[in-house]
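Residue numbers (our numbering), protein chains in the order written: chain E, 1 to 285; chain S, 1001 to 1269.
These aren't lab readings, by the way, just hints derived from the structure by calculation. These numbers come from a predicted model, not from an experiment. Hints should not be assumed to be uniformly reliable.
Said to hold, decoys possible - Chain E regions said to be covered by chain S (calculated; three or more residues, Cβ under 8 Å):
#, region
1, 35 to 45
2, 91 to 101
3, 232 to 245
Backbone N, C-alpha and C define an ideal beta-carbon position, used for all residues, glycine too.
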Amino acid sequence: MRDVAALLQRQSFVELPARARCQHLLDDAGQRELLGPFERLTSPWLPKQNIVTQSDDGVVIMRGTLGDTKVVVAAVEPAFQGGSMGEVGGAKIAGALTCALADVKAGDPVVPILLLETGGVRLQEANCGLAAIAEIHDMIVALREHGPVIGVITGPVGCFGGMSIAAGLCSALLVTREARLGLNGPQVIEQEAGVDEFDSRDRPMIWSLLGGEQRVATGLAEDLVDDDVAAIRDLLAERVTAAPKTLARTTDIARFEALLETVDPAEQATAETTRAMFDQTTGAA
Amino acid sequence: MSDANISYGAAWLAALTDHAEPLADYPASVRVVDAALAGRAARYIAVVPDAHARFPRARAGEVGLAEGWALARALHDAVAADEDAADKRVIVAVVDVPSQAYGRTEEAYGIHQALAAAAEGAIRARRAGHPVVTLIAGKAMSGGFLAHGYQANRLVALSGEGVQVHAMGKQAAARITQRSVEGVEQLAREITPMAYDIDSYERLGLLHARLDIAPTAADDAEAVERVHQALADAVADIGDTRGLDARIGQGERTATAAVRQRLAEAWAG
């Protein structure tokens, strides 16, 4: 049993909105939000569809420190339009990473931390979102040459679509049990492939395959962490000091191709079979 | 293409490489051909339909698990082979991808990671100094396009019906946004980034060039010559650059330009 007193002391990260997430993760001194809500940089596309905008377009960019390390946190707001990436929000993240890369190259390291509660492209701004996400991918890979780029997925939305690819490019991925990570959202798979292939109402199945615990067990995420602000902050403080290294998740191609060879495509994947397959190929590469 | 028998990607890949044999050791759905572009060594890559692909959810030209990792390998191998070369081979992505693969097995085995590896392959090739050019010869959809084509220094597109760029098919987009398909089509006519057609896409300032050539013209020698020329022009335009700057904040993406400029000002404080 867990220590009840400690449990009562905990503060949930999942329940926090994006701005509060940034504020809790960064050191108190020197926090600074860039392009905050008072700049009123809102989506130019949503009003044309009679959808109310949000004055930060659902993305918070905050600079500050975490221990001795300069960081910039980019947080997607899960409560606005499903955490979707529109033109403005996408440009905020891609732009912040571009600024970070310029600093890093000039010898002034800053580590990006991406809080990825996002369904991916905001369909109301489809091609603008897709373009911005490609630009985010580019910057993550460029920054990883110099130091860590850390992704955090805690829930409640999970991380899907083009932003799941962004998560796959991060040098370290921190997830909770509540987190989900997948390319296609459950509703989209059901729509495209049928309910027998994927029942979007089958929550146990969805979490067993896409959930944080499974993703860590299969090596597609690095750290499983409790839904606890202090625990997430402590773990991040360690991860931001990591040296740049080759990312096995994207470069160990032979291992993944060997793994696929052993998968029986006719058999519907379960959490157990998937874990067994990943275990089998671990170390074989 | 929804019809698994027709692939503009396959047709244009063959036409642009003079029907050269694809490299062995790749799945039938990923064709990799080493050929020339305007006298310079080039690696042409296309994802094509394969009715017998091992993974049934990726038989119509979608980018699935096998395709993602194969794309990554084709790109990593090109970078490794040219590591010490002064003149690195051009990468040409010939794109007609209806989407990424939708399936339970795909998600379980990390299709997002396969697509990340493919995207990273293209990013690394570009950042290592390979000119990377994409020919949008049909559909360039969603995660399929992010994994295959979107990381090019320059995007070149054919024109007309059948040439489309979007984040999601109409049915799924309607469901997710809680609209009717007719409603989605209506909005696609009014809102530039929601449109599927290539003319609207061009207005977003993301294309280097749009050629007035139909995707069905792959057997027309003059059309093929013009595409070759356009790809060679794109390579010349890339020069020594390695980023995506040329397409950022252009056209109707004025908000992108404004946000990035404001952010650069605010960054240092």
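Status of each hint after checking the structure:
Counting residues of the region 35 to 45 of chain E whose CB lies closer than 8 Å to any CB of chain S gives 6, so the stated coverage by that chain holds, three being the minimum. With 7 residues carrying a beta carbon less than 8 Å from a beta carbon of chain S, the region 91 to 101 of chain E meets the three-residue requirement, and the given coverage holds. With 0 residues carrying a beta carbon less than 8 Å from a beta carbon of chain S, the region 232 to 245 of chain E misses the three-residue requirement, and the given coverage is violated.
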